Amino acid sequence: MVARVGTIDAARNNFYMKERKQKNIFVQGAVQSSFIGEQIGKHATRTDIGAHSIFLGQVRADTIEEKIVSAVEYTTDEEMALEKMHEIREAIFEKYELTCMHIYHSLGLVKAGEMSLFVFTSSAHRRPAIDACNEVVERIKKELPVWGKEIFENESYQWKVNK
Amino acid sequence: MVARVGTIDAARNNFYMKERKQKNIFVQGAVQSSFIGEQIGKHATRTDIGAHSIFLGQVRADTIEEKIVSAVEYTTDEEMALEKMHEIREAIFEKYELTCMHIYHSLGLVKAGEMSLFVFTSSAHRRPAIDACNEVVERIKKELPVWGKEIFENESYQWKVNK
Amino acid sequence: MKIELLAFGKIAEIVGGKQDWQDAPDTNTLQKALEKKYPDLKELHYRIAVNKSIVDGNTPFPENAVVALMPPFSGG
Amino acid sequence: MKIELLAFGKIAEIVGGKQDWQDAPDTNTLQKALEKKYPDLKELHYRIAVNKSIVDGNTPFPENAVVALMPPFSGG
Chain W
1 MVARVGTIDA
11 ARNNFYMKER
21 KQKNIFVQGA
31 VQSSFIGEQI
41 GKHATRTDIG
51 AHSIFLGQVR
61 ADTIEEKIVS
71 AVEYTTDEEM
81 ALEKMHEIRE
91 AIFEKYELTC
101 MHIYHSLGLV
111 KAGEMSLFVF
121 TSSAHRRPAI
131 DACNEVVERI
141 KKELPVWGKE
151 IFENESYQWK
161 VNK
Chain Y
1 MVARVGTIDA
11 ARNNFYMKER
21 KQKNIFVQGA
31 VQSSFIGEQI
41 GKHATRTDIG
51 AHSIFLGQVR
61 ADTIEEKIVS
71 AVEYTTDEEM
81 ALEKMHEIRE
91 AIFEKYELTC
101 MHIYHSLGLV
111 KAGEMSLFVF
121 TSSAHRRPAI
131 DACNEVVERI
141 KKELPVWGKE
151 IFENESYQWK
161 VNK
Chain L
1 MKIELLAFGK
11 IAEIVGGKQD
21 WQDAPDTNTL
31 QKALEKKYPD
41 LKELHYRIAV
51 NKSIVDGNTP
61 FPENAVVALM
71 PPFSGG
Chain R
1 MKIELLAFGK
11 IAEIVGGKQD
21 WQDAPDTNTL
31 QKALEKKYPD
41 LKELHYRIAV
51 NKSIVDGNTP
61 FPENAVVALM
71 PPFSGG
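Chains as they are written, first to last, in my numbering: chain W, 1 to 163; chain Y, 1 to 163; chain L, 1 to 76; chain R, 1 to 76.
Hints listed in this document are in silico derivations from the structure and should not be mistaken for laboratory results. None of these values were measured; they are calculated from a predicted model. The beta carbon of each residue, even a glycine, is placed where N, CA and C say it ideally should be. Any given hint could be a false lead.
[What the hints assert, rightly or not] Reference listing, derived: stretches of chain Y covered by chain W, where coverage requires no fewer than 3 residues with Cβ under 8 Å from a Cβ of chain W: (1) 57 to 69; (2) 119 to 130; (3) 147 to 157.
One chain only, chain W, in its complex shape:
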């Protein structure tokens, strides 16, 4: 219980600090559903939170010119991506009254049916969490220097294009 109280205080302090520390968002391979469940569970001790909004991106086995996508391989310019993510995070905390925000993005191979993006926002009332989650997802897709290579079952590939 003591540890929990400590965590809450730390998070609150972060929230009120103008400069948050740059965080690493990248995980090697797929984001696991058990990890997501754990992350949700960790926030169930925070009695100042009333709403969580979560977005999960999953790799689809799309058929493109008769070839089926079996995986997407993600690469990035890590330094540039983490700087951009930090900038987005700061802007979102500025714009919305959030209690916390967690973002995880895969690098390397993520198979069809596995998850590659996990955005998790929390707030006292529902609108900030929902709107922030939505905006973070849109900004990640548009602004984060990450590239996905769609690998087909026959081992040919094409570079993914975001809509």
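Following the hints, complete the assembly by docking chains Y, L and R onto the known chain W.
Relative to the frame of chain W, chains Y, L and R by itself:
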């Protein structure tokens, strides 16, 4: 475990039936984070899904006139609520191109820090899942005959009002 | 004309649980009788459902209708 | 004037990995030289980052700049 597998198959069948069967959304007590993790994991086999959107409602330990909320007790007119939920679900499936939708709402006592609402929508591309999740949450808050009684630490209470 | 009366949330604390109610052919008549018996009701917002459907305006009751008094919803 | 050239995604398949590049004082000069050496580049959309910041319009390079060729992002 057998019951769970049955539930997945039922959900799949429901998806392809024009007239979906009325489903029970109510769970006794809090929605557990482990249950949420399991539900997410179950969908990681569906390679036609590209996006999941999740909303979680959590009980806040609000301070109201110097009294702290320790729990919310939910009651409903179950028959009427499930009929209304069925109507909402049908309208949402009609309006958005969803792969699936799952909704769980607590009845009875849910302590501060515990979750009382779990809305989970999935689609091929992100907009339908995100927009449908948002609309379902708004409609549940406005239209579902459920009442929350905020119980204070001193055992007095007041009836909750949705914003 | 007999109806079965239900109440929920805060309203249930004023009018009590399930009960039979006589001589109320429609929602207006029922509301007047209820507010006479339970004056606190006048201060509260609630809607009326007849046989599980919320009604607006004065609505006649079918025989043996189930009539529910519903304060503003607060689920979620 | 020497810069370090990086490329990502589809562009990396055309121009290859990290390499030094001489005699390019600004982005316009670099693009012309690159498109002469790798004609396929002309067909592709990409943006240029100088020392980790994306630039628009012709931009002079600082000494030892890290210059990255970035095709449209497709993360998420």
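Hints versus structure:
Note: the stretch 57 to 69 of chain Y has 5 residues with beta-carbon separation from chain W under 8 Å; the three-residue rule is met and the coverage holds. Given a C-beta distance limit of less than 8 Å, the hint that chain W covers the stretch 119 to 130 of chain Y holds, as 4 residues qualify and 3 suffice. Using a Cβ-Cβ cut-off of 8 Å, 0 residues of the stretch 147 to 157 of chain Y lie near chain W, which falls short of the minimum of three, so the contact claim is violated.
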